[in-house]
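J.: Single-letter residue listing:
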Amino acid sequence: MTQSAATQPDSPVDATDGPVARSTVVTNRYRDSVALMRMAAAAAEIGGVQSVAVVMATEANLLDAATKGFAVDSDSLGVTPTANDVFIGVIGEDRACALALAVVSEDLAGSRASTPAAGTSGGSQTEAAASISSAFQRAGGSAEAHSSLDGGLVSVAVISVPAAFAASEARKALALGMHVMLFSDNVGLDDECDLKQLAAQRGLLLMGPDCGTAMINGVPLGFANVVRRGSVTVIGASGTGMQEVMAHLHRLGSGVRQAIGCGGRDLHLRVGGSTMIQALRLAQADGDVEAVVLVSKPPDPAVLRAVAEAARPLIARGVPVILSATGLHSGDLAETGLHVADSLDDAARIASRLASAAPGGSLATTTTSVPLTTAGAPFVLPGRGETSVVGAFSGGTLKTEFTHLLRDLPANVSVHAVDFGDDEYTKGRPHPMIDPGVRDREVIRAMSDPAVAVVHFDVVLGFGAASDPIGGLLSQLAVMPASRSTLLCAHVLGTELDPQGRDGIVRRLTDAGVNVFDTNAQAANFIRSAVTGPEREGHGS
Amino acid sequence: MMAPDVPVVRVFNVGVEEFCRGPESVGAEVHQIDWRPPVDGDPETSEVCSHLLADPRVDEANREATSRFLAVDPVAIDVQKAAQAIAGLGTGRPTLLHAGPPIVWESMCGPMRGALIGAVLFEGWASSVDSAVELLGNGGVVLEPCHHHGAVGPMSGVISPSMPVWVIEDPASGRRSFSNLNEGLGKVLRFGAFEPAVLERLRWMGSELASVLSAAIRSLGGIALRPVMAQALHMGDEVHNRNSAATGQFLKRLAAPIAQTDFPGEAIARVLQFIGGNDHFFLNLSMAVCKLQLDAASGVAHSTIVTAMARNGVNFGIRVSGTGDTWFEAPASMINGLYFAGFGPDDANPDLGDSAITETAGLGGFAMAAAPAIVGFVGGTAADALAYTVRMREICVAENPVFTIPSLGFRNTGLGIDVRLVIDTAILPVINTGIAHREAGIGQIGAGITTAPFACFAGAAKALARVSQPAPVT
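Sequence order for the protein chains is A and B. At position 158 of the first sequence (counting the first as 1) the number is 158 in this note's numbering, and the numbers step up by one without a gap. For this note's numbering, add 541 to where a residue sits in the second sequence, where the first one is 1.
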C-alpha cells in the first residue's frame, strides 16, 4: 500500500490568499522615466506579479501609486522617500513581489548615486559626464559656435529630460555653441521664445520644444527612419509628418539633405516661425540643396508671410520650396512662389520630381485592393444607423491629414481620430511609438464596438520606436474572434532599412487580416472609397 | 557623394539613453550625459544657473576675478597685536572675532563658546567663568566674524585685541590679511579650552613669541609665502590638514634670523621649540594667504567665483565675488572620518572654522593628491585622493600656475570655484578638516572629509541672477 504523502507547501497556504502590495525605496538614484518604465514592464512579466510601479518618489508619483493600490506609507518603506529616490511598488503573490523588488533593485544598483556622498570615491573620469558642460570639456570643448552645418565640428545636444528642467538644459547647450534638439514637451511659450531668441543671436538651431525628429548631416536624431542622404531638405513643425515625407522621399529614390524639426509651436504668432526661418537660411547657404519641403499646420497669415519671405532667396536661385499644411488653401500662398502640396505624399512626390534625383521608386496614393475584414469577408458598410471610423495615431500630422481626407463622408459616418502622442496621453506615460500599449487598447476596444465600421492605426518604425511595435496588438487580436464586419487598416511608416524590419511587420499584419498601406493618404483614400463606394476622382492621384 | 571635408556631427544626449542608438548606427561621435535633476530638485535652481551660464558677462567677470587673485603677492611682513593691526579691534568697545558667518552667542556651538569665554578672561573683561558667560550673554561684547575684518581663524577662530596676529601684505596694492598664531594640539583655545594653562600659553604667545617673530620677520623685510606653499605641495602637504612640510620650510627661513635677534638664548629656544613642535604652525599663514588673494577677487560685478567658505560650527556660509560681502548659509555638515580612541560620531561637533578658505583657493581638499594619506580617514586609497583632486577641477574655472601637484604630472591646481559649475555638475566642494568635540575644551577628536552644502550655492545663484539685469539683445 502506498502512502499518499500529503504534500506540504513551503509556506502555509491561506485559503483566502489574495494579492499583496510590497514596496521598497532605492535612495539616492535617478534614472529617466523611460528606463524606469522598461524596468517596470520587465518585472511585470514575472509570474504571479499583477502590477509594478517604478517611479521617482515625487509627491505626485507617490499619490498616483497610492491610488493604484501600491504601498507608499513610510512604515512599509522603512524610510521617508524624497524626490531623489526611486520608489518600487509591486502587487501580486508574496514571493513574486519579493522577486520583482529584488530584480528591479539590482537593475538600479548599476547606476551611480545622484549626489556624491562625502567620503565616497571621488569618481573616475571613465564615468559618463553628469552635465553637458563636463561632457563638452571632456570632448575637447571649443566655445566657437559652428553655426553653419557645413562647417567642421557640428555639436548637437539632444535633450529629453523632464519638462521642468528642459529649458535650462537647452539654454546651457546653446551657451556652449551647440545646436539643440529639444525633444521634451510641456515647455512654456515664454521659455520657447527666450531660447529661440538666444539661438537666433548665435546662429544656432533650437529644434523644438516637442521636436521628435531631425537628421543633421545624415545623423538621425530622436525618432528617425533610416533614409538615404540626398538633396531634399525637410523642415517640419511636426515629427511624424516629417518622418512620412522622409520615408516617401527614400521610396521615390530621392534622399534627405537635412531634416530640421521646429517643434509643434514654432509657427505660433509670438514665436514667429523662428526655427523654420533659421532652417531656411541654412538651406539657402547650402549649395547641395535642390528642394525644400515644409511640413506644418496652417500657420497664422503673418507668420506665413515671414516664412515665405525667408524662402524667397531659395526660390530665386531655383530651389523649389514645397509646403504641406493640411487645410491650407492654395489662395493663401498666391505670389509667394511656394508650391502647395495636397498631402504629405504629394509633397514628397513634387520635391523628388523637381530635385535632380534619378526616379527610382513610386508612391501610389490609391490602391485597387478590395477591402476585406479580418475574417477575410468583403467589407460592407452598414446600410443604416450611425457608425464610425476610428483612427489611432502616433502623431498629430498624420491624424490631421487623415481626418482632412475623410472630411466629406456620408452623414451617418463619423470620424474619431486620436493622436496618442499628444501631451494629454503622454503625461507619466511613454510615447506610443516607444510603448504602443495605450494605442493597442483603443484598437481592441474599437474592434469590439458594434458602432465602429473601420479601425485604422499607424505603425511608425525607425530609431527610438519600439523594436516590436505590433506584437502586443497581434496577440490581443489573436484571442478575439475574427470580425466579419469591421475593416482593420494600418499604415506602416518606414523604410526597408529601418531596424524593425518593415517587410516582416507588413507580412505579420497582413497575415492577421489587416489592410496595410505605405502612406497615410493611401490608407485614408482606401477607407473613403470603402465607405462611400466607387473611388472619387481628383484627390491625390 | 560626400564633399572631401565631411563635417563631423557630435551628439550630446541628455536624457533618454535610447536616443544614442540612431547616431551610433551611423558612426557619429555620441556622448551620453548621466543627467539628473539638481541636488535640491528645484527647477528654479537649474533655470538661474542656465541663465548665468549663458550670460557672457559672467565669464568675463570671472576672468577678471581670477587675474586679480593671481596678481596678489602675499608677504608675511610682521606679527602684531590684533588691536594694532585690525581696525575693528582697536575701538573702545570689547570686541571679539570668531570663525564662520555671523552668529549670536545663544546659537553658538560648545567649542566656540568656550573659546570666547577664554578670550574674555584673557582680556580681563571678566575675572570668572560665570561672569564671562554673563557678559557674553547680555551683549557686553561685540561678536563679529573674522572675515568681516580681513582675518581668518581655524576652528573657533577667536581673535581678541591682545592676541598676536600674522600680518600678510600684498606690496603692490597695500592690501592686508590677518590670522592668529597656531597654539598647537591638545587643550587649546580654538577647541574651546579656557583653563589657566591655555591662557598662560596665550600670554606667552602674545609677548615673547610675538616679539621674537616680529623682529625676525622684519629683519628679513618680510617672507614671501607662495614659494613656501608651492614647495610644501611638492613635499606631502596640502596646506590645510597637512602642514608639516610647510612649517619646516617656514622655520628654515626664520631660524637664523630668530637666532640673530637680541633676545636671550632661552627665549629663542622656546620659540624654536614651540614652532618645531607644532606640525600645524603654518596653517594659519596658509589661511591668511588664501584670504588675501580671495579678498582681492571679491566684488567683481557678475562674477560667480566663490570668495569664501567658512563655518561657525552651526552654519556653513559662502561668499561670491559678484555679490560682495553677502553670506549664503546652510546648516553645517557633520564630518565623515576616523576618530581617536574613545571618541565617536556622537561626540562630534559639526564642521567648524575659517580653514575652508584654503579649499576656496584651490588647496586643501582640492589638492588632496598632494597629501594622499588624508583620504585614509574615510577608508579611501591614494587613487581616491587623485580622483577627488581631478573631480574638484571640474568646478573650477581656471588654474593656478604657482601651485602644482607632482602626482598629477605637476598639473596646476584648480582656481576659482564657480557657483554655476557646482550646481550644474552636482559636484560639491570637498573639504579636509579636523573634527572637534562638541563640548568646549576637550579638543580634536578625529579628522576626515566633508562637503559644502548645496543650498549655499543655490542661494548664491538666485541672488546673482537677481542682481544681473538681462544682458542686452545685440
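Careful, some of the hints might be misleading.
[What the hints assert, rightly or not] Which residues of chain A face chain B? A partial, calculated answer using Cβ under 7 Å:
no. : residue
1   : Val154
2   : Ser168
3   : Cys193
4   : Leu333
5   : Ala334
Just so you know, the hints here were simulated from the structure itself, not pulled from any lab data. Every residue, glycine too, gets a C-beta built ideally from N, C-alpha and C.
J.: If a hint holds in the structure, say so; if it does not, say that too.
T.: Right, here's what the structure says about each hint:
A cut of 7 Å between beta carbons decides the hint on Val154 of chain A: the least distance to chain B is about 5 Å, and the hint holds. Among the interface hints, the one on Ser168 of chain A holds; its C-beta lies about 4 Å from the nearest C-beta in chain B, closer than the 7 Å criterion. Interface hint at Cys193 of chain A: violated, since its Cβ lies 12 Å from the closest Cβ of chain B, which is beyond the 7 Å cut-off. Given hint, Leu333 of chain A at the interface with chain B, is violated; its Cβ is 32 Å from that chain's nearest Cβ, farther than 7 Å.
Taking 7 Å as the C-beta cut-off, the interface hint given for Ala334 of chain A is violated, the closest approach to chain B being about 35 Å.
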